[in-house]
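Following the hints, position chain V against chain H.
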Amino acid sequence: MVTDYLLLAARNIRRRGIRSWLTMLGIFLGIAAVVSLISLGSGLQQAVTGQFGALDADKLVIENLGAGFGPPGSTAVAKLTNHDFKLVQNTAGVELAVKRYIRPMQAVYNGVAVFGSAASLPDSPKELQLVYDFLDAEPLQGRLLEETSRGQVILGSHYLEEDHFGKPLAIGKTILIQNQEFKVAGILKRSSNFMVNHLILMPEKDLRQILRIGNEIDFIAAQVSDQNQLPSVAQRLEQAFRKDRRQKIGEEDFSIQTPQQSLSAVNTILTIINIIVSGIAAISLLIGGMGIANTMYTSILERTKEIGIMKAVGAKRRIILLIFLLESGLLGLIGGIVGVIIGLLLASGIAGIVSQAPGGIQLIMRFSWPWILAAIGFSLFLGMISGIFPAWQAAKLPPVEALRK
Amino acid sequence: MVLIELAGAEKHYQMGETLVRAIDGISLKINRGDFAAIMGPSGSGKSTALNLVGSLDLPTKGAVYLDSRNISQLDESQLAQIRGQKIGFIFQSFNLIANLTAKENVMLPLLFQGASSEERQQKAQELLQLVNLTDRMGHYPNQLSGGQQQRVAIARALANDPEIILADEPTGNLDTQAGEQVMAFLQELNRRGKTIILVTHDRNLARNHAKIIYSMKDGKIEKITKKINHKWEAVS
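If you read the sequences in order, they're chains H and V.
Take the first sequence: its letter number 11 is residue 10 in numbering that gives the first Met the number 0, and every next letter is one higher.
Take the second sequence: its letter number 103 is residue 102 in numbering that gives the first Met the number 0, and every next letter is one higher.
Treat the hints as calculated values from the structure; they're not laboratory data.
Heads up, the beta-carbon is just placed ideally off N, CA and C, and yes, glycines get one too.
Just so you know, not all the hints are guaranteed correct.
Just the calculated beta-carbon pair ranges, DEER-fashion [stated by the list, open to error]:
1) H/372 to V/192: 23 to 33 Å
2) H/352 to V/117: 50 to 60 Å
3) V/131 to H/369: 25 to 35 Å
4) H/3 to V/137: 17 to 27 Å
List time: in silico DSBU-like cross-link candidates among lysine-lysine, alpha-carbon distance up to 35 Å [to be verified]:
5) H/304 to V/222
6) V/216 to H/304
7) V/219 to V/230
8) V/28 to V/60
9) V/60 to H/304
10) H/125 to H/85
11) H/304 to V/210
12) H/315 to V/216
13) V/216 to V/60
14) H/85 to H/247
Pulled out of the complex, with its shape left as it was, chain H reads as follows (with noise of 0.2 Å):
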């Protein structure tokens, strides 16, 4: 029986043609906006989650705090010594001590200037197998430096992708950085942060000898031996450098960073991010749901007569709002349907606009089962809702009144 009445229902709406797939606007505009915000918005968290670079399990970066904000190797920051870093190579639990450098650099090619940040590559094989893995560089053309290669350098996809010298740059031309010539060695892979893809590694050396840095030290990073110790090498570096500046907890100048504390940050920042998200999919679909009851109630307006007529032959008020009923909520099924189609190819062609765009960022459109599955769920009970209040005014006008319109 309720299957006549599906049929009957599906009938109408494909008989009505254009008209339908108006009624249904609403429903995908509403679902198409949640759907891609929600696509969206997973793969925004990725992409912070890649920008904030969350340290690896066993390292730790220590670093002076500035009396003013500013990027690392600004003047605003006051700098590391070496007797800092002899500090943190004999505190107990520390693996491998590296001093690193990153400063504001120029880069001529071509007779063009881009500006970038330098940043240090150490001697030793071992120091510098830390820095890569600190970077999570790999080399998507030539090849990573190694200890002896001075006079090269390493450059972030940033300046591959961009045709920022009106020339192409390659692997073995020749850049000035500071007025000094370059090889190009190597182009790292793009990473997911855009900090790294900006970046133009050179051997610590050459970096020092065209800033002509003394014996200062912009931050050090540090690999502990055991990943489990961390926490607590992390204490014993604090309690080391407080002592040695005579400062009270609360009153440090330094900063030590710790894959727990840079997550922590991270999360703090997802969390607004997915308030954020979930409340302007909350308020599309609200107007959405709006939309589908407005043109519903128009569309059963316009059928009044209709309703009439079938009263008419015979048929009960509870028979009327079961064919309404049906029919608002195929179309809130079918608009839920097309609406996340809609929606996925939206997140896409964003994320693949933002992907393509300068800046680096990879946005990725990440699809949830469940998240799909709701939108069309609450699409399906949307139709039926918005429907039945117009299905049942219709139904118990008195049948020679609904037969007047």
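Chain V alone, transformed into the frame defined by chain H:
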């Protein structure tokens, strides 16, 4: 034997400030197998009277009896049952459902009575054959002429084999020839025992087909004429 009775029926409408007495106290009895016409100018209340008989509308005052059952006291679901089983409607503007084919329109009343799919198919085919539309079963109303649409409506009215056929100006939107055809069908149905009530403003139409004529004016029955030995005589 009396099949339909209106007893002091009144129907009032509120039109803005004024109360319109569309039907102002009418009493009439229609026998089983009758072919009655309700005649009168527009606004005389003839359609309203028909709607009361067809349980499409309920009287403000008075009672409507169908088979000695007071239908003005039934609930919506029981009224729908009566409309579905006992009454077939034919309207001036056909009132077919535009999204359904001729055959589906005829099947609809059967669906509402819970008939099975095969039953519906078979009955609809038979009825469309009866009104000479076998070759138009899959057509939609807008693909049919007025006369054809009205014949589909007749087939639909007959779907549940009702005792009573109510026809409200059934030829009003048709040319003479198509109108004659429709009236011939009604005549034939009456001959087969259906009770027919025809609402019309056309005196000739009423005289040519009905056996008894109720003339209405201003919501009241003005006179009743009956065909006795091929002559029309006033009975009250």
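Give me the numbers of the hints this structure contradicts, sorted from smallest to largest.
-> The structure breaks hints 1 and 3; every other hint is satisfied.
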